[in-house]
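> Sequences listed follow chains R and B, in order. Per the numbering used here, the very first residue in the first sequence carries number 407; after that it's consecutive. Per the numbering used here, the very first residue in the second sequence carries number 214; after that it's consecutive.
Derived from the structure by calculation, the hints contain no laboratory data. Some clues are possibly wrong.
Unchecked claim - Pulled a few chain R residues facing chain B out of the computed Cβ check, cut under 7 angstroms:
1. 422
2. 425
3. 445
4. 482
5. 487
6. 511
7. 523
8. 532
9. 536
10. 578
11. 579
12. 586
13. 594
14. 595
Idealized CB from N, CA, C, for every residue including glycine.
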Amino acid sequence: MPTLLTTPVSEAQIRALKVGEAVEITGTLFTGRDAVHKYLAKGGALPPAVNLRDGIIYHCGPVVIKDDAGRWKVVAAGPTTSAREEPYQGDILRRFGVRGVIGKGGMGARTLAACQEVGAVYLHAIGGAAQVLAEHIKSVRGVYFFEEFGSPEAIWEFEVERFPAVVTMDAHGGSLHREVFEASQAELLKRL
Amino acid sequence: MNGLPASLLELIRRTSAEIPDDVQRAILAALEKEKKNTIAEDAFKIIQKNIELAKQKSQPICQDTGSVLFYVDCPPGFDQIGFAETAREAVTLATRKGYLRQNSVDSITGKNDGTNVGPGAPTFHFHQHRAPAVQVRLILKGGGCENVGAQYSLPSEKLHAERDLDGCRKVILDAVLQAQGKGCGPGVLGVCIGGDRATGYELSKTQFLRRLDDRNPIPELDQLEQDILNTANELGIGPMGFGGRTTLLGVKICAANRVPASYFVSISYMCWAYRRMGVTLDAEGRIANWLG
Ligand code: SF4
């Protein structure tokens, strides 16, 4: 059974998570990808309405349209490759007190170290599952930096319900990406 | 060819929203084979549910609708210029309708004009044949999986790969290891042995036009395909690199002549969101039938 996480998440809850554990998130997610990470890392300030403390960032450039009543509707919202944010992620975790990052493909040693230090985890969503993941987004609560960065790069505030992901980097220095790489490399060596 | 604009729009819509039947079967078989109650099995369940939802809602399977690649087989005298013009309009319209994401960026200015049309986008590969039929195949090639493609120049000292089929085997398996789950695995490899750097990659992509359940008519390549598929699936990389029993859904290899000085092995990786459809057109440009 997946572990249920509700935002804001406490440090104790995050530190209890282990690599390989399935989770489902209910509450708020803030999207952020290349433009947002670069801006924050250069010292940029968050809009007053965005509070990342004990929150979760989602590496995602969603497809969002306005319905006939003028409400935002999320059409597709799968994760994007996280490795591009590796230069910035650790600092952002520390500075804003973020507890989790959702993306795909995993991240590197600097992010892993920051996760250990502040008590945060990396959560892997299913790459390509744009339709299923969009179904777990119940509403759009707000959008920030829409004009500056454009729709896919903006910060979208999503209300989510039981959004599925897997802990692949935990707050104890564990990384499923490293484990699977090393194990598969050893298997391959036996077969060459 | 009055029917061509509507036919191409429908070809794009279906390619974006529906997975080919052979790929669907391979994903279901992988789900069946996966160890129960694991994160790998969960990943397959979500993938399967996503495939069903996309088809039902007629929406893109993945939000990255990829590079748009047209492969056209046509008789001598076919108006390729006219076809390309109509196809560019169909791509623009498909983008406006949401079948394709605004996915094409000017590499100099960084601007995205939202049409998916520009230098090299979409891409056309015309091929003449001595038959009256016009066949149009479309592949939408995702970016995340394109990034894990690789080209090796043999011999490779580091990988102990010499200029023979065993050397090819070593570098192809190295590409699988390096890719892990980053290309949204389980994936399909398209490989070309030989050629130059450009034709090698180009031919590796044409392998994605093959059905997963076909067999290579060249015995040496058929054997290599089966060997790499089985070996890769013993490595335990699994869907998304979570660990698991299925790392690849298929391997397709072709060979092209090379110059004595070069020996390239070019490998393209296709994610599980394998988008490939094709149609035969009638004289009016209407869809006569769908290709497998
Ligand atoms: S690699 Fe494929 S499934 Fe993954 S995000 Fe890109 S297009 Fe989608």
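> Hints first: check each against the structure and report whether it holds.
Now the hints, each set against the structure:
no., hint, result
1, 422, "violated, 18 angstroms"
2, 425, "violated, 10 angstroms"
3, 445, "violated, 16 angstroms"
4, 482, "holds, 4 angstroms"
5, 487, "holds, 6 angstroms"
6, 511, "holds, 5 angstroms"
7, 523, "violated, 25 angstroms"
8, 532, "holds, 5 angstroms"
9, 536, "holds, 4 angstroms"
10, 578, "violated, 18 angstroms"
11, 579, "violated, 18 angstroms"
12, 586, "holds, 5 angstroms"
13, 594, "holds, 6 angstroms"
14, 595, "violated, 10 angstroms"
Violated hints for the displayed structure, listed by number in ascending order: 1, 2, 3, 7, 10, 11, 14.
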